[in-house]
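In case you want the letters, here they are:
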Amino acid sequence: MTINAPGYLSPLTKEQSESWFRYLMSWFYSGDAKRIGIMYIIFSAFAGFIGMALSIMIRAELATPGLDLMSEEFYMTLPGMHASAMIFFFVIPCYAGFANLILPLQVGAPDMAFPKLNLTAFWILPFAGILAFSGYFLSNAPQFGWTGYPPLSNSVYSPQLGADLWLLAIALVGTSSTMGSVNFLATAFNMRCKGMKIFQLPLFTWSIIVMSFLVLVSTPVLTSAVLMVSLERLFPATFYFFSPQGGGDPILYQHLFWFYSHPAVYIMILPGFGLVNEIIPVFSRKPIFGYKVMVYSMLAISILGFVVWAHHMFTVGIGLNARKIFMFLTMLIAIPTGIKIFSWLATIWGGSLSFKTPFLFSLGFIAMFTIGGLSGVVLAATPVDIQLHDTYYVVGHIHYVLVAGSVMTIFAGVYYYFPKAFGMMLNERLGQIHFWGTTIFINVTFFVQHYLGVKGMPRRYADYDPEFAFLNAVSSYGSFFLAAFQIVFFVNIFYSMKNEKRVGKNPWVDGNTLEWTVDSPPDHHQFHEPPVWTPIERHHGPHSPSAAE
Amino acid sequence: MSIAIGPGEESLGVDNGKLGMWTFLVMDAMTFAGFLAGYARLRWKAPLDGMGQASELVNTVGSTVWPNPYTTFGVIGIQLTAFNTFILICSSVTMVHVLSDVAAGRIKRAEKWCLATMIGGLFFLGIQGYEWTHLMQVWGFFSENAAALPYNQNFVATFLSLTGFHGAHVAVGVMFNTILYLGLRNGKVGKEQYTFVEIAGLYWHFVDLVWILVFTFVYLL
Chain A
311 MTINAPGYLS PLTKEQSESW FRYLMSWFYS GDAKRIGIMY IIFSAFAGFI
361 GMALSIMIRA ELATPGLDLM SEEFYMTLPG MHASAMIFFF VIPCYAGFAN
411 LILPLQVGAP DMAFPKLNLT AFWILPFAGI LAFSGYFLSN APQFGWTGYP
461 PLSNSVYSPQ LGADLWLLAI ALVGTSSTMG SVNFLATAFN MRCKGMKIFQ
511 LPLFTWSIIV MSFLVLVSTP VLTSAVLMVS LERLFPATFY FFSPQGGGDP
561 ILYQHLFWFY SHPAVYIMIL PGFGLVNEII PVFSRKPIFG YKVMVYSMLA
611 ISILGFVVWA HHMFTVGIGL NARKIFMFLT MLIAIPTGIK IFSWLATIWG
661 GSLSFKTPFL FSLGFIAMFT IGGLSGVVLA ATPVDIQLHD TYYVVGHIHY
711 VLVAGSVMTI FAGVYYYFPK AFGMMLNERL GQIHFWGTTI FINVTFFVQH
761 YLGVKGMPRR YADYDPEFAF LNAVSSYGSF FLAAFQIVFF VNIFYSMKNE
811 KRVGKNPWVD GNTLEWTVDS PPDHHQFHEP PVWTPIERHH GPHSPSAAE
Chain B
58 MSIAIGPGEE SLGVDNGKLG MWTFLVMDAM TFAGFLAGYA RLRWKAPLDG
108 MGQASELVNT VGSTVWPNPY TTFGVIGIQL TAFNTFILIC SSVTMVHVLS
158 DVAAGRIKRA EKWCLATMIG GLFFLGIQGY EWTHLMQVWG FFSENAAALP
208 YNQNFVATFL SLTGFHGAHV AVGVMFNTIL YLGLRNGKVG KEQYTFVEIA
258 GLYWHFVDLV WILVFTFVYL L
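Chains as they are written, first to last, in my numbering: chain A, 311 to 859; chain B, 58 to 278.
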């Protein structure tokens, strides 16, 4: 038996090519950013599957009024664990995977700046995942939601061991993602090839730079908050940070938590913007509209993202003037985001469009993310937010942003970069079925949640008034179909792997960044000789790189 | 197969490792910022010593006054902590000497200065350990009736978390310097490894800088 694979997938030694075990081990110990990227994405797919299973449990319980399937105690663990699986172990690592795979190629570097740090950052994640979810095996998973607000999360009200492990896991995930971002920043700033000036960097790389900056500044604050909660839980009579019994301040935790968790939503969407920035020009066969404006709007989003955190706390009793300021600043974020949306539309406008799966997912993303963005502006208004706080409207909003936003861009990225990563195309027909199923049932599942929220259905409850029965049934059945359509995606991967349709260097024809100049899949060294980037004149005309030939 | 990983044709003109350390320090500074923000909030929400009125909520937990680590407990004086701060600043100076001697190729001298830096760090940790153990004996926060103490219980949480987190950083710094020292002794760190010394120095100076903040906020103010 010999293992045959092209490019960086190939075994490095003869022993590795003869034993699957050694081949696998060579992946586990690999410092190659491309292999680490693939491991990140596979890990995040597992986590996404777990998160999806938890969400199906939530929707199954809520399909009809009354407690039908599970106890309230068990239900209370679900929203928090679903959110942690999706946020900390699916979306963020998945983007880190794309960044590992693509960023060194795009800047023309042989690898990441710190390969060992990179591998360490990856390997922290599976262990953190085991810690976070071990609560289910110890029969006491945390029940305080993904926000972990004290005093609910302190040792008096949440004595579960699973809660301590979950907090530790969150600190570890934070460590992992800061290690990742140190690496991304060093690579993007310091390892660029000849001609790759700062304002020549592809927009995906830019998005990773901005995301890394956000991670670097915001994540440690969450770590400090989580450590404080842990101290308070572990030494209950000594450490009082947040619990009012000891004169602590629960609102302090919310400030620290949202100082991370608001930028975190940009951490979870900016790389998606980056992927869409790569995909839309290629399938519109036009250069991106307003390259520099795209960069500046990302920077503006990241800076504004740090000064809006208290809009999650409009109902906790912070001062009126503070709420006014946070409302204003939150609404201001709509401007750079709008700039990006309109620049994408302007890129598509007048282009010679090719409706392949990655492009379809990008278009679906633009349409539905706009809905999520607009409901965000609605929630930003303090008086409206006081009414809608902790209702299903918020759930609808966050899922339009994260599922219709981040997850759509992840699928777009997978369809777009799969040929580069594995050297073979994903099946187009199955891809389109997957796209239409996903898009339709995202809307069926989450759109009605806005109505539920406006009618007053609170989030995180296991039971509800029969008045809400119909809309909940719609949402639940929608989510079942949404999950079912993801099977098409996995079928597609196995089908395409079986019917290898080998591709050349530039399978989408119009890709003009450096990753399309190397073999698919790239070699271990990726570039056989140091690449040279020919600077692009950025303009908005109708000329496309392929038309110029 | 190994590939040379270093700055590309277009770079910021510094070593990868130095850029990595700077970005790491940004992150670390934000962790301290989280703890310091918590400290500031908890301290200045309650009335200060001798400032009079306490709010109802604070009264019910019976802990209004923010204790001063050296006057309230009367075991150790500000002099000891001030001396400790001086030691740490001195170890920063010796670190500068390590760097300049390595740059000049005087490895033997650099080795001695590096040893001095390590000893400075260990001395600091020792005094901090002395301080912790002596405070813990008298301040009664660990006793059953801690709630009845006449001073603010948030003090112990913020004091231990800030000084403890900083102490952990000093400990890591001492390990870092030990690696550097062994490297200098075994001839593995020479003039060519200047950047490695510089990176170790960056971390050590950062730890000192943070101590200045912690000292000011926790002890002086």
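Bear in mind the hints are in silico, worked out from the structure with no lab data behind them. You may find that some hints are simply not true.
[What the hints assert, rightly or not] Straight-line distance between alpha carbons at most 25 Å, and here's what the computed PhoX-like set of lysine-lysine pairs gives:
| hint | chain 1 | residue 1 | chain 2 | residue 2 |
| --- | --- | --- | --- | --- |
| 1 | A | K426 | B | K75 |
| 2 | A | K634 | B | K102 |
| 3 | A | K666 | A | K765 |
| 4 | B | K102 | B | K165 |
| 5 | B | K102 | B | K248 |
| 6 | B | K169 | A | K507 |
| 7 | A | K504 | B | K248 |
| 8 | B | K102 | B | K169 |
| 9 | A | K426 | B | K245 |
| 10 | A | K602 | A | K507 |
[What the hints assert, rightly or not] Covered stretches of chain B, going by a simulated chain A footprint (3 or more residues, C-beta under 8 Å):
| hint | segment |
| --- | --- |
| 11 | 61-71 |
| 12 | 92-100 |
| 13 | 212-218 |
For every residue, glycine included, the Cβ atom is placed at its ideal position computed from N, Cα and C.
Which hints, by number, does the structure contradict?
Of the numbered hints, 3, 4, 5, 6, 7, 8 do not hold.
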